[in-house]
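Participant: If you want the building blocks of each chain, they are given just below.
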Amino acid sequence: MIKSGINTVKGPLSLTAPTYLWLAFTVFLPLSAMFFFSFLNDAPFGNKDVSFSLENYEAIWNKQFYQILLLKSFRLGLEVTLLCFVIGFPCALILAKNIKGHWREAIFVLIILPFWSNALVRIFSWTMVLRGNGIIEVMLNWIFPGYGDFSFMFTYQAILIGLVHSYLPYMILTCYVSIQAIDDSILEAARVLGAGRFMILFKLIIPLSLPGIAAGSVLIFIPVVGSFMEPRILGGREGTFIGTIIEDQFTRVFNWPLGAALSFLMLFIILMIIILSNSLSKRLR
Amino acid sequence: MKSILGSMSIRSLIMSLIMIISSVIIHAAEVRVLNWQGYGTDEKWAVEAFTNKTGIEVVHDYFNSEQEMLTKLRTTPGYYDVVLINSAFTGQAQSEGLISAVDSSKIENFNDLSPGMGGNPNLVMNGKVYGVAWVWGVTSFAVDSTRFSNIPDSIEVLWDKKYAGKVSVRDDAVEAVQLTAIALGQDINNPSDLNAIKNKLMSLKSQVRTYWSSEDEWNQFFSADEFDLATYWSGSASRSKTAFKLPVEFVIPKEGAIGWLDGLSVATNAPNSSGAHKFIDWMIDPDFYVKWDTEVGAPASANAKANSMLPSSAFNRAVLGNPQKVSKVQFMGPMDDKIREEMLEIWQEVKASQ
Chain A
0 MIKSGINTVK GPLSLTAPTY LWLAFTVFLP LSAMFFFSFL NDAPFGNKDV
50 SFSLENYEAI WNKQFYQILL LKSFRLGLEV TLLCFVIGFP CALILAKNIK
100 GHWREAIFVL IILPFWSNAL VRIFSWTMVL RGNGIIEVML NWIFPGYGDF
150 SFMFTYQAIL IGLVHSYLPY MILTCYVSIQ AIDDSILEAA RVLGAGRFMI
200 LFKLIIPLSL PGIAAGSVLI FIPVVGSFME PRILGGREGT FIGTIIEDQF
250 TRVFNWPLGA ALSFLMLFII LMIIILSNSL SKRLR
Chain B
0 MKSILGSMSI RSLIMSLIMI ISSVIIHAAE VRVLNWQGYG TDEKWAVEAF
50 TNKTGIEVVH DYFNSEQEML TKLRTTPGYY DVVLINSAFT GQAQSEGLIS
100 AVDSSKIENF NDLSPGMGGN PNLVMNGKVY GVAWVWGVTS FAVDSTRFSN
150 IPDSIEVLWD KKYAGKVSVR DDAVEAVQLT AIALGQDINN PSDLNAIKNK
200 LMSLKSQVRT YWSSEDEWNQ FFSADEFDLA TYWSGSASRS KTAFKLPVEF
250 VIPKEGAIGW LDGLSVATNA PNSSGAHKFI DWMIDPDFYV KWDTEVGAPA
300 SANAKANSML PSSAFNRAVL GNPQKVSKVQ FMGPMDDKIR EEMLEIWQEV
350 KASQ
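Top line first, the protein sequences correspond to chains A and B.
The opening position of the first sequence corresponds to residue 0 in numbering that gives the first Met the number 0, with each subsequent residue numbered one higher.
The opening position of the second sequence corresponds to residue 0 in numbering that gives the first Met the number 0, with each subsequent residue numbered one higher.
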């Protein structure tokens, strides 16, 4: 017998209420405050008079370089996600299907190991590897004497390396979970019916693990678009992205309203992308 | 029940009283300083000498830009005692109520300050002292002396194609725009042609390897050979040379340089105002200054007596004390907010350009 009315709501509500309260305090309230800030003309600290204005959103509309930076950041997000997929999916595939037993756990730990270290320390260790007189250059000069300068530092590629290194585990783990869920008997049946390796990969494994790929992509794309640590430390003069500009507004320039406006615009665009890709994937299925 | 409650509440009352009194005592024996890192106030020997003399502990907090300093003052009122504020910003800090007037009678060395500095209109407003003139210096550029057979004398060397990709510039809008204004011969506090400045900065961007934002970062990039020449501050160049033994040569080019005067201020509702005054007094004391400049490296002192006690070969006495060399130095002053915003936008655009 199905209970109806308020009784069916009270049970779940009492269990989820603490979570919603917590989310409200730690996520919703600060974001609302920032949203409110984005409509002011100046940060409301000290004894300044502040008034409502749309000048921040207008500035983004009028100044071309904000739009260029947004495109640049989205391009970075796409490239990092793609690279993580190309490197991470085969790793997850081998881990899920070929490796058994204790080795699987050992490799699991190795994949998660980067998460145990501080992100900033990881990025700085990349500077030591990539810079002039860094580890790679010294080794190259030792193997091929007179190699000369190898400096990857302060380039777009250095930012890509740093970001892919930081976010690869997300893709590997999410793909692993969904590949593991694929029943081995399906793959065996396909082999028995004469399907080649690549046909199994493209027609069976990838479509069946699409949820994991999508989850991993979202987990990587959203933070990378807004990232500022890796671009600032590894990027040098190429390291200006929407994330670093937003950070500038809050730490150097003290124009919190503009930073808030840029953040919410980015949030809006990302939400649109996710909604669009969701409806697209539903239609494909 | 009632007696238990009674004894418990008396006990907790005594405990809380002890805690309040001890926290007050702890606060009274401490002075909180907000400054750039490694900029004199946190020198270990200086802090120890101060604590031994007065019994007051010194606790430091740091910032990497004037805007960060203002943000910290705005968002944590009543926390800091002594704040280092560039004289170009003292007026803004005072008008926002972030700093309170300094009682110059409590500072013994106050009368030794050079009149042009101690009474500078950016620091003394309405007859009240809001910032005690501490040190002054110039912002220009420094070169790696091992890479230059002749030390350059013009700021145009930053744009020299020979050093493309081996230049570094501080990631600060006002400083970048003002240095370019000097290269173009404009007034740094009120530039006449911001468009020309923007175009010149765009052409500088292809020269730049990376931006630096702190003295520590500058020294690290220099040691890693990332740049041959970079914009820098005179006091910091002296520190890199003396304390860190790097082959750094600071240049005041013929076009001029940006001058700045730093002052020590007392924050509004400072927890330990008397301690703050004692600390400021120690900072402008010649005993502190001479040891700071000769052993570590420092900008020039606003205390004329302290400056004259330096060895005659010292940079601060020989160069900054030489009126001919500093004749074209333009001092930073308070800037119209609108002009500052335009400078910020120019810098954002330069940084974002492809």
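Warning: the hint list may mix true and false statements.
[Claimed, not checked] Selected chain A positions facing chain B (in silico; Cβ < 8 Å):
id : residue
1  : T25
2  : F27
3  : P29
4  : A32
5  : I67
6  : R74
7  : V128
8  : N132
9  : F153
10 : Y155
11 : Q156
12 : I244
13 : V252
14 : R282
No lab work stands behind these hints: they were computed from the structure.
Keep in mind it's a predicted model, so treat the numbers as computed, not measured.
Ideal Cβ placement from N, Cα and C applies to all residues, glycine included.
Participant: For each hint, tell me whether it holds in the structure or not.
Facilitator: Structure-based check of all given hints:
About 19 Å separates the beta-carbon of T25 of chain A from the nearest beta-carbon of chain B, more than 8 Å, and the hint is not met. Interface restraint check: F27 of chain A against chain B, minimum CB-CB distance 22 Å, threshold 8 Å, status violated. The criterion of a C-beta within 8 Å of any C-beta in chain B is not met by P29 of chain A, whose closest approach is roughly 15 Å, and the hint is violated. The closest approach between the C-beta of A32 of chain A and any C-beta of chain B is roughly 14 Å, which is over the 8 Å cut-off, so the hint fails.
At a threshold of 8 Å, the smallest CB-CB gap from I67 of chain A to chain B is about 6 Å, leaving the interface hint in force. At about 12 Å, the closest approach between the beta carbon of R74 of chain A and any beta carbon in chain B exceeds 8 Å, and the interface hint on this residue is violated. Annotation: V128 of chain A was flagged as interfacial toward chain B, and the flag is violated, the nearest CB pair being 12 Å apart, outside 8 Å. A least Cβ separation of about 6 Å between N132 of chain A and chain B falls short of the 8 Å threshold, and the interface hint therefore holds.
Interface hint at F153 of chain A: satisfied, since its Cβ lies 5 Å from the closest Cβ of chain B, which is below the 8 Å cut-off. Look at Y155 of chain A: its Cβ only gets to about 11 Å from chain B, farther than 8 Å, so that hint breaks. The interface hint given for Q156 of chain A is broken, as the beta carbon of that residue sits about 15 Å from the closest beta carbon of chain B, more than 8 Å. Hint on I244 of chain A holds. Least Cβ distance to chain B is approximately 6 Å, under the 8 Å limit.
For the restraint placing V252 of chain A at the interface with chain B, the shortest Cβ-Cβ distance is roughly 6 Å, inside the 8 Å limit, so the hint holds. The closest approach between the C-beta of R282 of chain A and any C-beta of chain B is roughly 36 Å, which is over the 8 Å cut-off, so the hint fails.
When each numbered hint is compared with the structure, violations occur for hints 1, 2, 3, 4, 6, 7, 10, 11, 14.
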